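Visitor: Sequence:
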Amino acid sequence: MKTLLTINLIIIFNLFLTAQDIEQEIQNLVNIQIGQEYLVLDVQSVEENRNVFSYSRYEFSDPYNTLNNSYIFLLTSNWYNGSENPRGMVGIFKNGSIIWYSEPVINTESVSDQIILGTMDMNNDGKVEIITSWFRGMREYDYYIWIFSWDGINGYLINEIDQEEDQSVIVCNEEKPEIADFDGDGVLEILGFDPNTYDDEAPPMIYSWNGYKYGNYGFPIPLYIPMNLLSAKVSCKVTPSQYGLTFTYTVSNDSSSRQPIWRIAVEKMFDLVYSFSAPNKWQGSYSHHWDNLIKWGIIRDSEFYPYKLIFPGNFLDSMSFSTDSIIPYISTYYIQGKNGESFPDDQYVFENSFKGKTICGKNPPEPFIPRDFLDSLLYYNNQSLQLGWIKNQTTADKYDSLFTLAKAQLQQNNNNAAKAT
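FYI, our numbering numbers position 243 of the sequence shown as 243, with every residue one higher than the one before it.
If you are wondering where the hints come from, they were derived from the structure by calculation, not from laboratory data.
On a predicted model such as this, the values are computed, not experimentally measured, just so you know.
Where hints are given, some of them may not hold.
Said to hold, decoys possible - Straight-line distance between alpha carbons at most 27 Å, and here's what the computed BS3-like set of lysine-lysine pairs gives:
1) K127 x K213
2) K233 x K176
3) K127 x K233
4) K281 x K233
5) K407 x K233
6) K391 x K357
7) K127 x K308
8) K391 x K237
9) K308 x K362
10) K233 x K213
Whenever a hint applies, use it, and build me the whole structure from the sequences.
Guide: What follows is the structure, given as structure tokens:
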């Protein structure tokens, strides 16, 4: 154990040392190539095992392998040394060289903090976007978002500029704004606010892509972010347990889905759960807003990063719970996909989810009337055929005739015959 701890500490120390060395190496090159008035203020590796995970950043993805072994960095002219027109830039460092840097288009006057938020293909154009946030906090408390598109050779500014303010038009009231597909068309939008309203009641505004730039183009505010852009299947196995019954679910995300899965909720009709089981990096719980839902979702904690999403074409099993004094019934499941960084709550789970049928539990009816319960079994039998759980009409007819016979025998008070049937 001591040896393992020592090795881990050495690795962490070396990574930290390497990051410091990389930053200094970039600064040295900046002094020569760009000018000594520019300071390196943030450096991030695109590789997952090297960049800094934080709730203030998105993931650093490189979908087209155009940022392999690269570091993204931010620069600002050193207005502390008397720069009259402080400007910011974005650059890329790779294999000991600065391979690209932007024009000094970013106005950093009154900017007190800046961060590289992440990299992703926002507009689905086959290029990766570098998203940065610049905090201006002397007169207002605004985060200005500047976005550059990188094709592997050159970078291009792709956000509109307010020429009068000399700033990006994308203004947010938090360092890490919500970036999501608000209309489900495959292109991401940015949630900000109206920069002409500087108070706590500033109305939200969505900045969208017009095919050339990100800006304010009158994108409507939706009721919720769509989390149902997927197709999935849920199977359930019911087994006896020390409490009564255990329900175990397997969730499969179809390869055609446009979103990875990060939550499943199942309708239940009982009160108590004696035990939960969940796959690694997932947890089970009751719904906080709806008494008739039981759910499993990813654990959003840096300790469990990267998150174990169910990506298209994959499945996850071992989601289970145990309870007593219940009977199985045909239930509805609600599956939500990841869209942006906001974790889904239950407010719109019924409308904003992929839905289907599975098995869950409910309390036995009180009083228990056998003939009424046989009507339920006849209904389940017919529904199971429609769902494809019973594979053919012959099998469905077999059970239908048995349940109908048992019901007739009960009506004749022939309980023993009904029990045998």
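Visitor: Output the indices of the hints that this structure fails to meet, ascending.
Guide: 2, 3, 5, 9 and 10
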